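*Asks:* Chains as they are written, first to last, in our numbering: chain A, 30 to 468; chain B, 865 to 1127; chain C, 710 to 1018.
Hints were generated in silico from the structure; no laboratory data involved.
Where hints are given, some of them may not hold.
Lysine-lysine pairs mimicking DSSO-like chemistry, simulated, CA-CA at most 30 Å apart [said to hold, decoys possible]:
# : chain 1 : residue 1 : chain 2 : residue 2
1 : B       : K898      : A       : K330
2 : A       : K46       : A       : K219
3 : C       : K977      : A       : K306
4 : A       : K189      : A       : K178
5 : A       : K178      : C       : K801
6 : B       : K898      : A       : K178
7 : A       : K46       : A       : K132
Stretches of chain C that chain B covers, calculated by requiring three or more beta carbons in the stretch to come under 8 Å of a beta carbon on chain B [unchecked claim]:
# : stretch
8 : 821-832
9 : 947-959
Fair warning: this is a prediction, and the values are worked out from it, not measured in the lab.
Glycine included, every Cβ here is placed at the ideal spot set by N, Cα and C.
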Amino acid sequence: MEFDEQNLPVPGLAVWKRVSPTQFRFTLKDSIQPFHDGSPFTSGDVKATLESILKPENASPHRGDLISIQKIETPDSRNIDIFLKSPDSFFPDRLRVGILPRKKIEEKHPFHTQPVGNGPFIFLLWPEEGSLKIKRMFDGQIFEFLYVKDHTVRVLKLLKGEIDMLQNDLPPELVSLLAKDQRVRVIKGKGSNFTYLGFNMEDPVVGRLGVRKAIAHALNREDMIRYVLGGAARPASALLPPEHWAGNQNLIFYSYNPVKAKNFLNQEGFDEQRLPKITYKTSSDPFRVRLATIIQRQLEKVGFEVDVRSYDWGTFYGDIKGGRFQMFSLTWVGITTPDIFHMIFHSESVPPNGANRGRFQNAVADQLIVQAQRADTRETQMDLYRHLQEVLLDQLPYIPLWYEDHFFAGNKNLEGYQLAPDGNYDGLSRISLNRKNKQ
Amino acid sequence: MGFWVPITVFLFWVILGLGSPFLNLDPEQMDLSKILNPPSLGFWLGYDDLGRSIADRLMAGATTSLVVSISVVGITLMIGTFVGTLSGYWGGWVDHGMVRLMDIFLAFPGLLLAIAMAGVLGPGIENVVMALCVVGWVGFARLSRAQVISIKQREHVQAALAIGLGRTQIILKHLLPLTLAPLIVEATFSLAGVVIAEASLSFLGLGVQPPDPSWGSMIRDGAQYMLVAPHMVIFPGIAVMLVVLAVNLLGDRFRDWLDVKSG
Amino acid sequence: MVRFLFSRVISASIVMLGVSCLVFLLIHLIPGDPVEVMLGETARPVDREALRQALGLNQPIHQQWWGYMKGLLHLDLGVSLHSKRPIFDLLKERFPVTFELTFFSLLVAVGLGFPLGVVAAVNKGTPWDYFAIGISILGVSIPIFWLGPLMILLFSYGLGWFPVSGREGIASIFLPAFTLGFAMSAILSRMVRSSLLEILSEDYIRTARAKGIQEWRVIWYHTLRNAMLPVITVLGLQLGALLGGTVIIEWVFSWPGIGQLTIEAIQKRDYPLVQGCVLMISLTYVLVNTGIDFVYGWLDPRIRLSEEG
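Kindly produce the complete structure, drawing on both the sequences and the hints.
*Replies:* Here's what the structure looks like:
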């Protein structure tokens, strides 16, 4: 599957037909490219990939998506029949995982260090973290990714032509600087990646709803967006952005109201003698630390005692995935289908079964999630998901912050690049360097 | 130019450093609308990336540098002089061993040992002081030992010994006053060195932790924005440079004055 | 001379032993449980136990020390926690990189400091002298981690002459070497100046002048050669500051040497790697200093002569 602007699924590698409530037939398109190792793309590869994900011993995080599959058959090299355990109208939504060549799966090829696929780019080299080399299939153009930790150095390298382009990950002041410079072209676009504060529901302080509501009222998101993000974000009230087909356009976020925040804290039994203490974990990216420091300050103003701890990415993400936190901030990148709600908020999705790292347990939410997944029509689904997002905004397992805009900055002779709402690099498949303008 | 300018700068630093906790400063007060504002008439040094007043942070940073440097110099002066004097006085194996020990500490170039210790002990101002003390005692020990050794031979000490004055008396009344002067010179240079060392450690992220202000971490934060808000990196750097310059110049003057006296 | 060399070798060996012991102690200075600090408060007990075993932290301390020393003799410094590679290999890779930086910094230091000092001494009292003294005082007081970003701002962003950071292409050595070398040249120039001044007032120089030997000959043959001795002393003393400064400069300019590795290791709490780096830098320093001692001893006729016969 692939997804359109509203994140509705459209056929990617295959078209499908629903043969019976529990059987789907997928027919591979003619235009499919062979795999990068030369082998042709057949139904056998699809079957092998999906079965490999379903094998419990492989412990795949995608297994939950496909668990309704009972059996897969391949009547010929272009058709795949998938039989489900129970009726699921929207089963094709779940088939967004990339397909791998069957032979290599059988050989136990190390896909995690040497990916092989059939997309527009072929993998060349990945010698170390942050350094990647890929080649575009149709014209052989080579793309090299470099890790440059310091924001200033990245900007200077771009200005001096040492690198050709960069995308995201700069404070807005530097983006403005680039936009003003003649040597560089800057493209901006709205984003759909969801930045939020996450909480540990079992913690004695933040596990209490009143405390979370206090936090929500204590945040001045408008000021942060205007001054710190330079206006390059949209305030969020839910996981899915409003333009998503399952998004809820009518949600109203908690107002910036320090007095209300203090009241909530008092109701929960906290005051000057008994301060609510929060350890706030963040990655060591300087921009995130900056935001965390500001949030710390806003929370301290209503009576919280906040300790910001920043960690390098590996340690930080490991802690988050393992549920070892009180409060943290992160961004969900690349969300396409509402199945994500099950993965994040359903009570049975506590790690290692899913991504409910905060251990959110709410019967109403559970019910809505399950109903939405079983729904028969898109309309029913939309209603259920809207209702679900209202509940989530009320219960605040996450406090939504904003959807950050994306930007691309590159050599002015680069043409044809398009930003994606989730900040991915798919635009590289169409980018080209116009050498006629280069002196 | 020699004396008055540096002493003024030095006193200014000391007064600021001692007084800033009592001024009505709020180095952590954030006003988001003022983020990265450059210096202007009303706000003489501008604001940083979190909307904090750089002037306030600079003044609070003066306290940090003053407290750390005075503590470190004070502690190392006492420990180093004590150890060095005793070693020089006793001589023999004790002295030999002490010299080797000093050589070992001196074998770590520059700030390396301090960086490693601060890294190992963890962040925080107390650990910075500890790390710098571990590294700094050697200078005073070496100096006082050399002084004691040269003085030991001098006649009036022999005379005192002959008369039968006790050893403690000799050390206190005769040895120490003569060693004091070069020690003060050394202490001055050491002060300058510690200011830079503390700033260096904070710059590397090993010292004073945010949000506590330190000139070193201000320079580190400011360097990130130097393309768009150079005032953030320039002012703390000037502060460090001025203080270190002033103290070094004062040390020079002291030493010249001493040379004249003893020459 | 031989006795001199021999005693130097002995004391250097003792110092190196002491340095190794001190570095060994570093990991035991960690407040609390070192394994917990290295892996984070949330590591699984089985991982912690594995690390404890690997680092030998279960054993009594003298056994640990002995194991550590034995390892050193076999050039086994352990394995980096983060990259899982043998520490000795990492150090071996990065050593030439750091050496490059120190070498060129030294060139800058001597290239700037020496002429500056000569100019100051020869023109004592004139504006040239004050200028030189001024530069040298500035060099001593300016923090190199501030000078670095300023140089980048001016020469890389403003004028665009040099690359910003990292080690790619010949031009990339310039800013880091200059920043480090400048600070050193300041101290060096003062030493050259005062040492020259001392000699210039000595009797044998006055004699030479009285004899009518040309001024430049006086300066070159008689003065400078004798001034070398204290200069080399200072160079040796300053080497420490240079090596220490390398750590900071490598960090500021992302120069991929041992200094940068040290700071990264500290940030990642990879303490075995921190130990390895500190050990390598310090031992190198001791060796170089001993080498300088040899040169010094060879140059100073007093030492050379006193041991012979």
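*Asks:* For the pair supplied as a hint, K46/A and K219/A, is the alpha-carbon distance within the 30 Å limit?
*Replies:* Not satisfied, since the Cα-Cα distance of roughly 34 Å exceeds 30 Å.
*Asks:* Against the 30 Å threshold, does the CA-CA distance of K189/A and K178/A hold or violate the hint?
*Replies:* Roughly 17 Å separates the two Cα atoms, so the pair holds.
*Asks:* Counting residues of the stretch 947-959 of chain C whose CB is closer than 8 Å to a CB in chain B, do you get three or more?
*Replies:* holds (count 9)
*Asks:* Hinted pair, alpha-carbon criterion (30 Å max): K178/A, K801/C. Please report holds or violated.
*Replies:* holds, 24 Å
*Asks:* Take a quick look at whether K977/C and K306/A sit within 30 Å of each other, Cα to Cα.
*Replies:* holds, 27 Å
*Asks:* Would you mind confirming whether the straight-line C-alpha gap from K898/B to K330/A stays at or under 30 Å?
*Replies:* Holds, at roughly 18 Å.
*Asks:* Would the hint linking K46/A and K132/A be met if the CA-CA limit is 30 Å?
*Replies:* holds, 28 Å
*Asks:* Taking beta carbons only, do three or more residues of the stretch 821-832 of chain C come closer than 8 Å to chain B?
*Replies:* Since 0 is below three, the answer is violated.
*Asks:* Check the hint pairing K898/B with K178/A against an upper bound of 30 Å on the C-alpha distance.
*Replies:* holds, 27 Å
The structure is inconsistent with the numbered hints 2 and 8, although it conforms to all the rest.
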